[in-house]
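2 protein chains.
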Amino acid sequence: MTKPVADDAITNLYSSISPKSLVIADLGCSSGSNSLFVISELIKVVDELRQKFGHPSLEYQVFLNDLPGNDFNTIFKSLPSFQEKMSNQLGVGVCPIFISGVPGSFYGRLFPSKSLHFVHSSYSLHWLSQVPEQLENNKGNICVACTSPPIVLRAYHAQFQKDFSMFLRCRAEELVVGGRMVLTFLGRRSEDPSSKECCYIWELLALALNDLVSKGIVDEETMNSFNIPQYSPSLSEVKSEVLKEGSFSIDHLETFEINWIAYDSEVMNLPDVFFDGGYSVAKCIRAVVEPLLISHFGDAIIEEVFCKYREILSDRLSKETNNFISIIVSVTKKRMIMIDQDVHP
Amino acid sequence: MTKPVADDAITNLYSSISPKSLVIADLGCSSGSNSLFVISELIKVVDELRQKFGHPSLEYQVFLNDLPGNDFNTIFKSLPSFQEKMSNQLGVGVCPIFISGVPGSFYGRLFPSKSLHFVHSSYSLHWLSQVPEQLENNKGNICVACTSPPIVLRAYHAQFQKDFSMFLRCRAEELVVGGRMVLTFLGRRSEDPSSKECCYIWELLALALNDLVSKGIVDEETMNSFNIPQYSPSLSEVKSEVLKEGSFSIDHLETFEINWIAYDSEVMNLPDVFFDGGYSVAKCIRAVVEPLLISHFGDAIIEEVFCKYREILSDRLSKETNNFISIIVSVTKKRMIMIDQDVHP
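The listed protein sequences correspond, in order, to chains A and B. Each number in our numbering comes from the position in the first sequence (counting from 1) with 2 added on. Each number in our numbering comes from the position in the second sequence (counting from 1) with 2 added on.
There is no bait here: all hints are sound.
Same chains, same label: a pair holds when it works inside one copy or across any pair of copies.
Simulated crosslink set (SDA-like; lysine to any residue; CA at most 25 Å straight-line):
1. 285 to 197
2. 79 to 36
3. 46 to 116
4. 5 to 19
5. 116 to 61
6. 22 to 338
7. 285 to 305
8. 336 to 247
Rather than coming from a laboratory, the hints here were simulated on the basis of the structure.
Can you make the complete structure from the sequences, with help from the hints?
Take a look at the structure:
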């Protein structure tokens, strides 16, 4: 779904700037092979354009970013074969690709000023920099939920605004004028922040945890103090932050749907056919939240939580179809026009 | 020993170029804290100069390079505290330091053209890109040794020439005009490539391995086919490659000595006082060559090899003092003058 938008953005970028050295950053790369796949697709698009325009060879500098605790060693070990494959496709020695790992939070500066041409981020920006404060009244829930009181919805939204505007400010410093950014993350279509389309997957996990509370396995207070630092914004919330920050023009902004199970098979690199959707969705969500659950509840309850979660998911998926809503936004760094405040007409 | 040379090089660099964003690469960073210490010292020198000159704040981009199998995860986890410490020393937010890891061999291109200001490498360049070919006649030895035949000495020297000239060519592409490079590596003072000052440490390890051969624990043919990809060049060999490549002027070139035990305590971060020099030197060399030994001989013999090696080292160290010879070379990327071959006077 995101490929045409990303291809379009990098085509426009290369057509307007044609740098001798193209610098691409993937933010929230994780340790899987998805990032390298996206990078290879982007580079192929540029290389075709370069040949079409009759431009000389180009150097690519690629920065793969994630938090310092990410497993960069695994990515790095896969790079020689990736670089060899790309080199064979583009022509050996013609367009070298230099790849670096950049550990750090993308809610802060990661790169020197005006050093990037293209920023890509896939399914990372719905993660907040921290659990919002003032969630004391979110009892029985673990994220924004339909039973969350207004103060909780406001706290989550405020944290999103703070984080996303910081993200935009940092990238505005780091991108060159005319630089592009294509961001994909979980969002929602409804303006209601507690809409089922974004909250339901966590509400079902909360059901599993509450089941353990009712059995006395998990302490009620421990459950009440657990909240997931994730927010799924609406299109208008995203647009509003981009306009407020002011450095970017919006080229493309839309939502699309992915079935819970299809999303899973994509993210987990599993075969397409599943006999147990509950198992596969639980496995996918487990990969995402297990570290958060362990650090809050300890590891003793993990098997039981996900066993119950899988049971709940299988039951629901047998009765209904559920989709994740994704937002894709493509923006261009504007040329800033300085207005001299002292000059009057 | 290397600090005054490195400080001098970066002082001259900053005084002549004064970039807004200073890009430093450490090649062969390993996973220890030595690299970050050197980087912090270089940055402090530049920041003092910046303040002295009354220049505005500066951004630092630091690339830490080593082979893809290096443990980058450990370095990356230590970066947040390093960056915080540096930020406190330089003034929070004043001169941000952006750090990346670059996996790959420095005997190939690692960075885009003209993208680096300063290259540093400490105790890595004596490692060759591969074991030289034509070492069939180096029987009983594991590196250049006083009993190595001329063909072996020539093979090692030829591999050094090939590797070091490739290193220089790659860095010449990557450094800006006026960019500096400070390289420290094991070398020798004598023009004789089989001089004791560079070969003795490996000759003693060969004694330990040959002891296992005589006991029937190690197969003679396996021993004969093992060679370490290391070469300790002389000053004139280094100078000759720099002049041949032609992109760099030499600012500083000298040798210095470090006692085997002092070198060990520095490299291994051990306290200064040792009761068993043999133990500490064996431990240090083990950290360096164990992976090579395991991949050739398997891991079953490792304990016995190093037990014997320690015994040999302790005996020799009780009778004599041994030093490693280091070479430090500091160079500047020259401005190339293009001579138009068609113009005749």
